[in-house]
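So the protein lines, in turn, are chains A and B.
Take any residue in the first sequence, count from 1 to its spot, add 9: that is its number in my numbering.
Take any residue in the second sequence, count from 1 to its spot, add 15: that is its number in my numbering.
Source of the hints: derived by calculation from the structure; they are not laboratory data.
You can take every hint at face value.
Okay, the calculated bits of chain B under chain A, using three or more residues with CB under 8 Å as the criterion:
{"id": "1", "region": "29-35"}
{"id": "2", "region": "154-163"}
{"id": "3", "region": "292-305"}
{"id": "4", "region": "320-327"}
Chain B side only, calculated, beta carbon under 8 Å to chain A, not exhaustive:
{"id": "5", "residue": "F166"}
{"id": "6", "residue": "G174"}
{"id": "7", "residue": "F309"}
The beta carbon of each residue, even a glycine, is placed where N, CA and C say it ideally should be.
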Amino acid sequence: MEVALAAAGLETGLAARRRRWARRYGLAAAGGAVILTWALLATFAPWVTPYKPDVVNVAGRLAGPSAAHWLGTDELGRDVLTRVIYGARTSLAVGFVVVLLGGAFGTLLGAVAAYARGWLEEVLMRATDLMFCFPPIILAMAIAAALGIGTANTVIAMLVVWWPKFARLSRSLVVGQRNQEYVIAAQTIGFGPLHILGRQIVPNALGPLIVLLTLDLGNAILVFAGLSFLGLGVVPPTPEWGSMVSEGRELVSQWWVATFPGIAILTVVMGFNFVGDGLRDWLDPHARRR
Amino acid sequence: MARYVVSRLLVAAVMVLLATLVIFLIANAVPGDPVLTQLGDVAANNPAIVAAYRHKWGLDLPLWDRYWIFLTGLLHGDLGVSISSQRPVLEDIAQYAPATVELSTAAFLLSLLVGLPLGVIAAVKRDSWVDHLARGVSLIGVSSPTFWLAFIMLAVFYGWLGWAPGPGQISADQFPPPAVTGFMLIDAPLAGQWDTFWDALGHLVLPAVVLAAATLGLITRTTRAAMLETLLQDYIRVARAKGLWPRAIMLGHALPNALLPVVTLGGLAYAQLLTGTVLTETIFSWPGLGRYTFQSAVILDFPAIMGITLVVAVVYVVVNLLIDISYALLDPRVMRR
Chain A
10 MEVALAAAGL ETGLAARRRR WARRYGLAAA GGAVILTWAL LATFAPWVTP
60 YKPDVVNVAG RLAGPSAAHW LGTDELGRDV LTRVIYGART SLAVGFVVVL
110 LGGAFGTLLG AVAAYARGWL EEVLMRATDL MFCFPPIILA MAIAAALGIG
160 TANTVIAMLV VWWPKFARLS RSLVVGQRNQ EYVIAAQTIG FGPLHILGRQ
210 IVPNALGPLI VLLTLDLGNA ILVFAGLSFL GLGVVPPTPE WGSMVSEGRE
260 LVSQWWVATF PGIAILTVVM GFNFVGDGLR DWLDPHARRR
Chain B
16 MARYVVSRLL VAAVMVLLAT LVIFLIANAV PGDPVLTQLG DVAANNPAIV
66 AAYRHKWGLD LPLWDRYWIF LTGLLHGDLG VSISSQRPVL EDIAQYAPAT
116 VELSTAAFLL SLLVGLPLGV IAAVKRDSWV DHLARGVSLI GVSSPTFWLA
166 FIMLAVFYGW LGWAPGPGQI SADQFPPPAV TGFMLIDAPL AGQWDTFWDA
216 LGHLVLPAVV LAAATLGLIT RTTRAAMLET LLQDYIRVAR AKGLWPRAIM
266 LGHALPNALL PVVTLGGLAY AQLLTGTVLT ETIFSWPGLG RYTFQSAVIL
316 DFPAIMGITL VVAVVYVVVN LLIDISYALL DPRVMRR
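Model the full assembly from the supplied sequences, consistent with the hints where possible.
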């Protein structure tokens with residue numbers, strides 16, 4: 010190994026190995042650290058925040074960043090830092106729920122379609138194509154508006170539009186696997202279709218799905234924040250990043266009200282992008298060269 | 016080729032039809048009631064008024080009758096009447112569409128003009144500062160929330176520096192030119208209102224930059240990846256070996272071949288820009304389809320939502336067709352198959 014690396018002109022030794030690891034996975038590790046930090050802050054929000062998220066203090070409204078309020082206060086005198094930290098709870102929870110549920114449904118549908126073949130595959134995949142005719146945010150907006158404002162309703166609206174891309178990916182993955190020798194072997198042994206699909210094919214096709222799941226988490230958080238910004242997300246006193254930006258959008262000289270929740274979204278979405286890219290490099294040595 | 020296009024168009028028409036059915040069913044399956052959002056509290060409590068209102072808008076008819084009415088109207092080029100504006104939906108859409116086309120075309124051109132060269136240079140000079148810049152730009156573009164970016168841009172360039180005009184399509188002291196094409200940047204010069212033209216162009220800059228951010232990121236990223244892949248091919252090595260100019264290799268050999276994935280992505284990105292202007296238009300008070308969509312969705316204006324869905328579905332279908340055709344033009348092998 011060492012000899013081969015040296016022959017290829019690559020440095021060997023611990024320091025060099027560390028440098029290579031850092032170049033390859035440094036960003037992914039940084040992204041993971043950012044997400045972990047947000048997850049911890051969200052979990053322990055009541056203990057790490059100096060104030061309560063919805064305590065109104067009109068006398069101290071719109072105060073700039075200071076030692077008492079690191080990120081300033083909003084129009085009702087609520088502490089921006091506290092609300093940003095509590096906001097991570099909603100954003101992360103919604104992101105995971107939408108992507109995991111939508112991903113699971115889409116993956117199952119695509120896998121069943123690919124494995125069933127024939128008319129069932131046609132019907133399921135044309136239905137998936139149909140959903141691609143709608144840009145997610147327009148359909149989600151109509152559904153969220155129709156269901157009424159509230160986090161659960163917005164999540165339902167997002168789920169309706171979220172599964173198709175997973176159905177497409179999982180179908181193409183299963184199509185790639187279904188004629189492999191190990192599948193034919195499993196059929197010969199006499200395993201049922203559910204066992205083959207669930208225990209044989211899906212685990213083998215899992216890599217790209219996990220990459221899409223990770224990259225999609227950031228996307229789901231962005232879309233939810235966008236709907237929230239439009240007033241179709243959380244019910245007002247709930248701290249949420251999108252609605253916080255919306256509350257501060259007219260306050261140009263009190264820039265801190267809208268700026269910090271936006272930076273929070275940016276860091277989380279970037280974190281998921283880093284981790285997703287890192288996972289892809291790790292799972293697909295071909296893409297690593299790029 | 017003609018037969019291919021015709022069959023694609025037929026499939027597309029069926030898809031568009033099914034799309035309207037889906038949105039129709041969703042619109043009727045949800046518990047929200049457009050009557051109650053339209054009438055005031057007092058009127059909504061009066062059964063006679065509610066019934067009359069339902070009858071007026073055909074909401075008392077069975078589901079399939081209503082869909083049939085929509086379909087027959089569609090064949091006559093009639094998309095129904097918007098509940099909120101009380102005007103034909105088609106008229107509303109025709110009025111708002113040009114502003115959106117103008118905005119998204121500007122954003123698309125911007126992301127191509129910056130994204131393509133940036134992606135190519137990043138791939139050629141891999142791991143240089145240009146490469147790091149390109150990756151940083153594309154990452155921030157893809158990761159930042161549109162509505163927040165819009166706020167930052169407005170706060171910095173309008174509120175703080177005063178370099179850019181505020182929200183809206185033209186300033187309050189400008190008269191909109193008489194509508195000929197509906198496009199502000201075409202109608203103003205036609206009417207000889209050059210002041211209005213420059214004013215409108217100034218107003219276009221910030222929303223176009225905000226809208227372009229995500230697309231720019233995607234295009235830079237895809238171009239870079241496609242170029243890196245192409246540069247590893249044998250024919251590039253041959254071109255290098257026979258001593259061709261590096262620039263000739265890049266522009267003559269590598270770029271045309273790396274362009275295929277970029278065309279696919281670019282086409283879809285343009286479709287997404289045309290239909291993804293909701294947030295940007297809402298923030299910049301841009302009188303386009305995005306803002307109209309948002310306003311219609313919030314008050315459950317179903318005729319308007321159906322009309323917009325139809326437009327969106329048609330845009331997607333047409334763009335996909337154009338992508339396939341440009342594939343055939345870029346890669347002669349597609350045609351022969």
